[in-house]
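**Q** Okay, here's what each chain looks like letter by letter:
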Amino acid sequence: MNTAIIVRQVRKTYLEGESVVPALHGVDLEVRSGEVVVLMGPSGSGKTTLLSIMGCILRTCAGSVEIEGQEVAHLGENDLPRVRREHIGFIFQSFNLFPTLTAAENVELVLDVKGIRGAQARKQARELLDSVGLAEKYDTVPANLSGGQKQRVAIARALAGDPGIILADEPTAALDSHTGRAIIQMLRDLAHQRNRAVVIVTHDPRVLEFADRTIYMEDGRIVNDAVEMPASAPGARNVSSSCGSVPARVPA
Amino acid sequence: MFTLAKRNLLQDKLRLAVTLTGVIFAVVLIIIELGLFVGFVRTTSALIDHSQVDLWVTSNHVPYLDLGVPLNERKLYQVEAVPGVARADKYIVRYTRWNRLDGGQNQIEVVGFNPDSTWGGPWNVVQGSIHDLKTPDGVMIDDVYKKKLGVTQIGQVFEINGHRARVVGFTHGIRSFTTSPWVFTSFRNALDYAPLNDNQTTYILVRVESGAHIEQVRQNILQRVDGVEVLTTREFSRMTQNYWTFTTGAGIAILLAAVLGVIVGFVVVAQTIYATTMDHIKEFGTLKAMGAPNWYVQKVILIQAGISAAMGYVVGMMLSGLIVRFGQPAGAPILLNWWMALATLALTLFMCAGAALISINKVTRLDPATVFKG
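Protein chains in written order, with our numbering: chain Y, 1 to 252; chain V, 1 to 374.
Rather than coming from a laboratory, the hints here were simulated on the basis of the structure.
All C-beta atoms in this analysis are idealised placements derived from N, C-alpha and C, irrespective of residue type, glycine included.
One thing to keep in mind: the hints can contain errors.
[Claimed, not checked] Partial list, derived from the structure: chain V residues whose beta carbon lies under 7 Å from chain Y: (1) 11; (2) 136; (3) 286; (4) 290; (5) 292; (6) 368.
Using the sequences and the hints given, assemble the complete structure.
**A** Now the structure itself:
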């Protein structure tokens, strides 16, 4: 497994009025291709900030960030979109689909951003929608899709252009448990079968079942980074945490 | 990109209607005011532009055509003797009064010319002939002024400055810029109508010999004839146009109305495109988060502006065409030609692109991290 994301001593602060609020305190993290990493923690723990930095949406105040072998922390503002285009796919809590476009057009738009147009874009969009089980929904607008279907379109869109990294922010928050499980399973398959690095930010403890690693954050720090054991493994037991009951863990 | 821009625009049809109304208003106002302005400018110098001569000899300091000062006719003979002059004619343009059959009066501008050379005479004669103006009291007016002057048919007799005037023909499309219609007649008749002394004229029209250099002939006349100014037809035409356009402020007023149309169109389009952008700001943030560079999202907005411009332009031009068509019989000199249509298209596109700048600035500054804020 290659290392897709390397974060070294990353610090991030925000200005709120006249106050300087630290969001991340010297965070170190590596995410490998083919693994599912879940970021958990209470609100304000820095999960989304860390995700945004890994996604080259936010810049660090200090430290380094490597995306598939490329150092990005010191890139100019005009270079970061290119890194996102070439390496990263995003999945959002509220899907963020374009309401005036059909499912296929939503995927084609991202392909268009990545320079793939016309018949080739249409073909790839349909293949991606097929791969997430939406073959019959090419021409359906988001308003006529269920929550699970919308998130599957979002997954297809995130895969457009074949990025090596998938970052998902609360992908099951707007879904019922059954649909949520199906979505997370899909993300897990992306990692294990298609060798993507998948990072999921979530409050949902049910996601942990699908994680290869779980990282707990509090107050801008990683307080625990553990490899998840399957529930059927010997010695596995539930352990309570501030995030609810979770399967047994071993330190990474 | 185009699909997204188009769908964003069409999603809110009421807002699209408002946007198009702004563009259509601007296009119609620009075309009509521009057409009025061009028509106005051309009308001020129409007599000069249709004169068929090379040079105009005038008294000193004549600011424009309608304010000619009488010259002694001896100047004509002096001009005719100048090397390079092929031929010269006397010409009168003077304000005077027309008495209608109902007892009313109208101010007119009598135009006295040589019916043999036809220099400075009427064009577009639709009834009668210029030859008929050789008769002792023959006059010709434009058909647009029939009602104003109380004329119904050829042969009717009126009075101009106490002298008999008989209508011998009509032209079509010859409108005077001022409220005083042009009344064409022979130079001899014009001396009575103006009135001027028999040895007077207001202008001398000159044609240079074939192959002669107009500027050289002009200098020759200035050297040999005292107390006159000599202008080429083009110079005199421009002078007259500039006077009416800028000195009186009439042209400026028309142009300002066109500018107003652009401003109104700009404000309306800017508002509606901005509102549409804000409605879709989350999508733009998502696009940027997914790696769309700034120019990509800017282009989406520009395409929206372009579609609005194109749709509004087409409808605006159709409406303008109708207004021009129905305005002609009413005497409004609105000109509409292909270069005006092209210029208006360019201006409309520029206006809409400019109006989109506020929205473009908004999405350029948009932080893609907003997509993670729910």
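**Q** The structure should be examined with respect to each hint, and the outcome stated for every one.
**A** Results for each hint:
{"no.": "1", "hint": "11", "verdict": "holds, 5 Å"}
{"no.": "2", "hint": "136", "verdict": "violated, 79 Å"}
{"no.": "3", "hint": "286", "verdict": "holds, 4 Å"}
{"no.": "4", "hint": "290", "verdict": "holds, 6 Å"}
{"no.": "5", "hint": "292", "verdict": "holds, 5 Å"}
{"no.": "6", "hint": "368", "verdict": "holds, 5 Å"}
In summary, the one numbered hint that this structure violates is 2.
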